[in-house]
Amino acid sequence: MYSHLLTDWYTIMAAIQHWLSGGDPYGRYLNRSGALVHAGAFAYPPPTLLLGGLLSPLPWAVSGVLMLLVSLFGFEYWTRSTAGRTGLFWALLWLPICQGFYIGQTTLLTLVCLMGAELCYARKHDRWAGALLALALLKPHIIVLPAAWLLFVALRERRWQSLLSFGLVSLALWGGAALIAGPTIYAHWLSAISNYGPELATRSLLFPPLGPLLGLMAIALWWRYGRGDVLGLLLLVNTLIYPLGVVYVATGLAFVVIRWRRDWPFYPLALSWVVAAVVTTARTPDTAAALTQAIVATGLLAGLCPAIPWQHLLRLRGVPTRH
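The opening position of the sequence shown corresponds to residue 22 in the numbering used here, with each subsequent residue numbered one higher.
Don't read these hints as lab results, they were simulated from the structure. Built from N, CA and C at the ideal position, the CB exists for glycine as well. Among the hints, a few may not be true.
[Claimed, not checked] Simulated DEER-style distance windows between Cβ atoms:
(1) Ala56 with Arg144: 40 to 48 Å
(2) Leu51 with Phe173: 41 to 49 Å
(3) Leu51 with Arg144: 42 to 50 Å
(4) Gly249 with Gln182: 42 to 50 Å
(5) Leu75 with Pro161: 15 to 23 Å
(6) Ser212 with Ala56: 15 to 23 Å
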């Protein structure tokens, strides 16, 4: 865990404030507290500058709390719409989501936009579906496969309003950033990604030491509950193959389990904290990877372990599990 609350959100807003003052948000600069920010500390795409600029009049802590509340509300709304029960157990008990909240990460918000787009698409709200998908792609690496599938389905089914909305919002965001900041802002962004690259993890969740076990657990979960759900499968694959150095990037697994296993038990989620507390061996690349994989495995266990007996009452309330 990081040393202080909302540190990632502070980095984002500090870069945006620096850009609004005429500086390069992707380069080196001194933030308002006088600390030197290295090049690449902010690596979000340029449209983030436009959206974040709308929040810049607010104190960064206030805007950070608002972002987290929107993320949590969206997650809870989607969970109730999908599974007919609260998702607060995931937000309170599963370490990847908790870590994202603590440091002010936007991963949960990105996933909420993605799954909200699919929910709107299913309900024939095509304009909202396209707009939400365009917003989700501001953090493309965690959702690129399921997002591509949604676009393919919209094209196959000739849902032109959804595609038009996606195109217009994307053009406004990506083109607007180039218009306001100049086309060179994209060159600065790519340079920031290359500077940030050495800090990124180089192995996916499926690599040893525990990766093969995670793969078997994921296959078992898909085989039992997820066959026929292409979007859920692609989100699962996208999460497992992306190099993970921090556990919050595995947040997508929560959406997969909730989507496939509507009577998921909450007790495996609490094990994520036990794993983090018990594993205190010296950190090497292998032990760090094993710790991350073990924490993520608790999310898959929530889809595989038996439900607590009282949870079967959900079926009497019209909330069947997905088989």
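Results of checking the hints against the structure:
no.	hint	result
1	Ala56 with Arg144: 40 to 48 Å	holds (46 Å)
2	Leu51 with Phe173: 41 to 49 Å	holds (46 Å)
3	Leu51 with Arg144: 42 to 50 Å	holds (48 Å)
4	Gly249 with Gln182: 42 to 50 Å	violated (26 Å)
5	Leu75 with Pro161: 15 to 23 Å	holds (21 Å)
6	Ser212 with Ala56: 15 to 23 Å	holds (21 Å)
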